[in-house]
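K.L.:
Working from the sequences, and respecting the hints, build out all of it.
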Amino acid sequence: MSDFVDETYKRVEEVINYKRLNIRSFEEIIDVSNNSIGTAIRRKSSFKSNVLNKILHSFPEINPTWLLTGKGEMFLNNIDKASEPASKYNLLDIKSKVKDNLIHLLLEDKEVKEAIATQVSEVLKK
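Our numbering numbers the first residue of the sequence shown as 1 and each following residue consecutively.
Just so you know, nobody snuck in bad clues.
Subject to a maximum C-alpha distance of 27 angstroms in a straight line, what follows is the list of computed DSS-like cross-link-like pairs (lysine-lysine): (1) K10 / K71; (2) K113 / K54; (3) K110 / K125; (4) K44 / K71; (5) K71 / K54; (6) K48 / K10; (7) K44 / K10; (8) K54 / K110.
The following label-pair restraints were derived from C-beta to C-beta distances: (9) R20 / N77: 13 to 23 angstroms; (10) I116 / E7: 39 to 49 angstroms; (11) K71 / I116: 38 to 48 angstroms; (12) N17 / N77: 17 to 27 angstroms.
To be clear, the hints were calculated from the coordinates, so they are not data collected in a lab.
These figures come from a predicted structure and were not determined experimentally.
All residues carry an ideal CB built from backbone N, CA and C; glycine is no exception.
P.N.:
Spelled out as structure tokens, the structure:
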């Protein structure tokens with residue numbers, strides 16, 4: 001029987017680097033407390049299942065088997081995007097995801113949220 005070493009922290013760090021995110025922005029995207037991911041990576045600790053679920057929910061393209069075990073490819077549909085023609089990308093889907101992420105990020109900012117609420121109420125008064 002071999003000893004199991006949980007190196008999920010390495011794969012989470014690999015995702016962060018691949019996505020060109022810093023740890024804080026990654027934590028915001030997956031909706032976990034500040035520095036929880038950074039602390040786990042520095043301590044080389046394992047992650048609780050709720051954190052792994054949040055990662056997979058926030059990044060559905062990540063292969064759960066790879067994230068948990070390191071087996072297989074990082075992405076479910078691992079395609080060499082550089083060799084694929086641009087026409088294969090669903091630009092509407094990408095635009096929709098970008099818009100949703102922007103709205104989510106903007107609504108997290110208190111000042112932006114208040115400004116939007118003010119503008120909406122002014123429009124509704126007309």
